[in-house]
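Novice: Sequence:
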Amino acid sequence: MSQKPAPAPVPDRQPLDENAAASVRAYAADQRARVDVLASVLEDIAENGYPAAESGVLWEEARDAHLERLAGEQPRVA
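Position 52 of the sequence shown, counted from 1, bears residue number 74 in our numbering, the numbering being contiguous throughout.
Simulated from the structure, these hints should not be mistaken for lab results. Hints may be right or wrong, so weigh each one.
[Said to hold, decoys possible] Here are the computed distance ranges between Cβ atoms for each label pair:
hint: 1; residue 1: Leu92; residue 2: Val46; range: 18 to 24 Å
hint: 2; residue 1: Pro73; residue 2: Asp34; range: 48 to 54 Å
hint: 3; residue 1: Gly78; residue 2: Pro33; range: 18 to 24 Å
hint: 4; residue 1: Glu83; residue 2: Asp34; range: 21 to 27 Å
hint: 5; residue 1: Asp86; residue 2: Lys26; range: 18 to 24 Å
hint: 6; residue 1: Glu83; residue 2: Leu60; range: 18 to 24 Å
hint: 7; residue 1: Glu69; residue 2: Pro97; range: 24 to 30 Å
hint: 8; residue 1: Tyr49; residue 2: Pro29; range: 18 to 24 Å
hint: 9; residue 1: Ala75; residue 2: Val46; range: 37 to 43 Å
Because the structure is a prediction, the values reported are computed rather than measured. Virtual Cβ for every residue (Gly too), placed ideally from N, Cα, C.
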């Protein structure tokens, strides 16, 4: 992902209000954090190989934990 600042405003774009811009920035930060976590896991696998199956989490437990996280999130507007 690029760390470059966004380009200057383009004349044919419509600006966002402060709340919408803050929401978009928060979503971008959340997505960037998720990608960083995935990248670190993949780098660890590349460096050290796959983890042992015994050290993993059952998919049912992972699913239930994920559903709990989703239930606790704030609703988002698409």
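Novice: Against this structure, judge whether each hint is valid.
Specialist: Consistency of the hints with the structure:
Against the hinted window of 18 to 24 Å, the Cβ-Cβ separation of leucine 92 and valine 46 comes to about 21 Å, which satisfies the hint. A hinted range of 48 to 54 Å holds for the C-beta pair proline 73 and aspartate 34, which are about 49 Å apart. Roughly 52 Å separates the CB atoms of glycine 78 and proline 33, a value that falls outside the hinted 18 to 24 Å. The beta-carbon spacing between glutamate 83 and aspartate 34, approximately 49 Å, falls outside the hinted interval of 21 to 27 Å.
Checked against the hint of 18 to 24 Å, the pair aspartate 86 and lysine 26 fails, with Cβ atoms roughly 40 Å apart. Glutamate 83 and leucine 60 have their C-beta atoms about 20 Å apart, which keeps the hinted 18 to 24 Å range intact. In this structure the supplied range 24 to 30 Å is violated for glutamate 69 paired with proline 97, their Cβ-Cβ distance being about 39 Å. Distance hint for tyrosine 49 and proline 29: a CB-CB separation of about 19 Å, consistent with the stated range 18 to 24 Å.
One distance hint, 37 to 43 Å for the beta-carbon pair alanine 75 and valine 46, holds here, with the actual separation near 40 Å.
Of the numbered hints listed earlier, those contradicted by the structure are 3, 4, 5 and 7.
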